[in-house]
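Asker: Protein sequence lines, in the order shown, are assigned to chains A and B. Going by full-length UniProt numbering, the first residue of the first sequence is number 1, and it counts up by one from there. Going by full-length UniProt numbering, the first residue of the second sequence is number 1, and it counts up by one from there.
Computed list of lysine-lysine pairs in DSS-like fashion (alpha-carbon distance at most 30 Å, straight line): (1) K122(B) - K22(A); (2) K76(B) - K22(A); (3) K22(A) - K102(B); (4) K22(A) - K72(B); (5) K87(A) - K66(B); (6) K72(B) - K127(B).
No wet-lab data here; the hints were simulated from the structure.
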Amino acid sequence: MSNNTIVENLKREIENFSVQIKVEKIGKVLEVFDGIAKVSGLSDIKSSEMVIFPNGETGVALNLEEDAVGIIILGDFSKIKEGDEVKATGKILEIPVSDDILGRVVNAIGAPIDGKGAIKSSKTYPIEKVAPGVITRLSVDKPVATGIKVIDAIIPVGRGQRELIIGDRQTGKTALAIDAILNQKGENMICVYVSIGQKDSKLRKIEARLEDGGAMDYTVIVKASASEAASLSYIAPYTGVSIAEYFMDQGKDVLIIYDDLSKHAVAYREISLLLRRPPGREAYPGDVFYLHSRLLERACRRNEKYGGGSITAFPIIETQAGDISAYIPTNVISITDGQIFLETDLFYKGIRPAVNVGSSVSRVGSSAQIKAMKKVAGTLKLDLAQFRELEAFSQFGSDLDDATKRQLERGKRAVEVLKQLQYAPVRTEHQVVTLYALTHGFMDDIAIEKIKEFEQGLTEYSEHNAKIFYKQILDKKMWDDKGEEELKKVIEDFKSNFTR
Amino acid sequence: MTVILNKNIAHAIYLASKDKNHEEQSLVFKKVAQFLIKKRLLSKTKEILSFLNKIINEHEGRVVVKVSSVEKINEKIHREITQALAHRYKAKEIKIVENLDKKLLGGLKIEVNDEVIDLTIKNKIGKLQEHLTKSL
Numbered sequence: 001m002s003n004n005t006i007v008e009n010l011k012r013e014i015e016n017f018s019v020q021i022k023v024e025k026i027g028k029v030l031e032v033f034d035g036i037a038k039v040s041g042l043s044d045i046k047s048s049e050m051v052i053f054p055n056g057e058t059g060v061a062l063n064l065e066e067d068a069v070g071i072i073i074l075g076d077f078s079k080i081k082e083g084d085e086v087k088a089t090g091k092i093l094e095i096p097v098s099d100d101i102l103g104r105v106v107n108a109i110g111a112p113i114d115g116k117g118a119i120k121s122s123k124t125y126p127i128e129k130v131a132p133g134v135i136t137r138l139s140v141d142k143p144v145a146t147g148i149k150v151i152d153a154i155i156p157v158g159r160g161q162r163e164l165i166i167g168d169r170q171t172g173k174t175a176l177a178i179d180a181i182l183n184q185k186g187e188n189m190i191c192v193y194v195s196i197g198q199k200d201s202k203l204r205k206i207e208a209r210l211e212d213g214g215a216m217d218y219t220v221i222v223k224a225s226a227s228e229a230a231s232l233s234y235i236a237p238y239t240g241v242s243i244a245e246y247f248m249d250q251g252k253d254v255l256i257i258y259d260d261l262s263k264h265a266v267a268y269r270e271i272s273l274l275l276r277r278p279p280g281r282e283a284y285p286g287d288v289f290y291l292h293s294r295l296l297e298r299a300c301r302r303n304e305k306y307g308g309g310s311i312t313a314f315p316i317i318e319t320q321a322g323d324i325s326a327y328i329p330t331n332v333i334s335i336t337d338g339q340i341f342l343e344t345d346l347f348y349k350g351i352r353p354a355v356n357v358g359s360s361v362s363r364v365g366s367s368a369q370i371k372a373m374k375k376v377a378g379t380l381k382l383d384l385a386q387f388r389e390l391e392a393f394s395q396f397g398s399d400l401d402d403a404t405k406r407q408l409e410r411g412k413r414a415v416e417v418l419k420q421l422q423y424a425p426v427r428t429e430h431q432v433v434t435l436y437a438l439t440h441g442f443m444d445d446i447a448i449e450k451i452k453e454f455e456q457g458l459t460e461y462s463e464h465n466a467k468i469f470y471k472q473i474l475d476k477k478m479w480d481d482k483g484e485e486e487l488k489k490v491i492e493d494f495k496s497n498f499t500r
Numbered sequence: 001m002t003v004i005l006n007k008n009i010a011h012a013i014y015l016a017s018k019d020k021n022h023e024e025q026s027l028v029f030k031k032v033a034q035f036l037i038k039k040r041l042l043s044k045t046k047e048i049l050s051f052l053n054k055i056i057n058e059h060e061g062r063v064v065v066k067v068s069s070v071e072k073i074n075e076k077i078h079r080e081i082t083q084a085l086a087h088r089y090k091a092k093e094i095k096i097v098e099n100l101d102k103k104l105l106g107g108l109k110i111e112v113n114d115e116v117i118d119l120t121i122k123n124k125i126g127k128l129q130e131h132l133t134k135s136l
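If we strip away everything but chain A, and leave its shape as in the complex, we get (with noise of 0.2 Å):
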């Protein structure tokens, strides 16, 4: 843009500018303090309504007392200071939005933060909505291929779903987390991932990652570190859902990862007691339900009569040495449709994803699941709890029936097989071939050594062999006679190939 045209739109803006003088209401603080403010004053303003400060620093009134303003200041409280004027502005706390948004890091208040210029955005969404009521929804029938096997085969999440992923720290929650967004490539489905007080360097490492496998062209980063103000972490997933609704309306799949909500509690109990409002129990106020249960509503599938879409969420939960039955961790358990329980001991036996397929669950279940799969993942699960069982008896005697052999050495191979490297999302058709070698006994002849690399060659082999079957799958969801016929063919082609 050359100078005179600056000048020339600075020109006609200023001549086209009208300003509107209006009866403003404002308050005094009367003192700050942790990125709380109290302030005397705005007489009719309304519980999380936006409030300026002197220094372009916005708030949000959360306790409406009877001669003070309980506001969290959203961002730097330093120079804000005792006397200083507020201004209410009627509006609920909104973020702008747009589909430029797609591809950026923002922050907690929806302001770009990766240092690649503003976002435009004509149109804003405010962070607290109603969720979507019973009649504008639609039951979760449409699977979200995660492209882990394990998840897709036992416990298939569905479009609007909301999976709560719950472990231990360092098992790998967050791993299974991006590996999803990591599959959403081409399967039209924009992904929003909310960092809640987690260390920048550890986001970093996420944004390079989903870089890197060209996931930040349909991905939106929501960030509130650990360095930020806790109000920042506590609307932060808020305004992630707020970023989802957007797209939502759009009539697009979105999936939203919350990482993680222990510590959106935790920053909502500092806050709370901040603003003295009484605690309850592990001092945590008492409406951390609530708190938890209006973000995750959120989460949908509409008709098609309101305009369509979904809203998958992955909420994260951290627990303390495997403790489920805390608090937080109870609720979110309660609230969310199921849960993948992901377990230290697990991890360190080599079985990654650490996933604990007995306490996981998913209670949309295989009505989310395309027929192929159902049909090869049926008895999975069973098998493989019975080869827990199984595996746990046999330590005491190596006397045991042909049978049972049989079973433990299936069970051993399932395992095998469910095994999966980080950042190596596996595309469904791929999961139902190698799925269906081992559910029909075609692997339980190969070495458990030897199963990943069977696995890999089967797969490659019968996608350039196997090409019907692969048709209907993609095509129908299932195949027919003549497709399986083609697959035994080439699964024993290949095996008999891989032994020699």
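Let chain A serve as the given structure and place chain B on it in line with the hints.
Answerer: Then chain B, alone, in the frame of chain A:
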């Protein structure tokens, strides 16, 4: 123990001293002072008095207005403001407190309780700045 708010004390003082003659009033004030000493609330006197002031104003239909400007406002504007505000707040009496502030650059800023009508040049420039940075 319930906390006694400054506002409640002020209200009590108002009710106790309302419609009393001079002698009775001085007796009330003496008792109030004793009460404040007993409850160790003497340090809050200033706040209580400001609340009392507000309560008296409210009951007598008096509205205190703070008008800020760069120069002293003239008689005509003074009258107009009084009329307009008396109509707006349905007040019997308008008490104008003037405040001179060079930083406003021009225009008037009228403050009544927690409401502000900001007609100053400074505010308008601020709004223009906001508009330009947003649209360009």
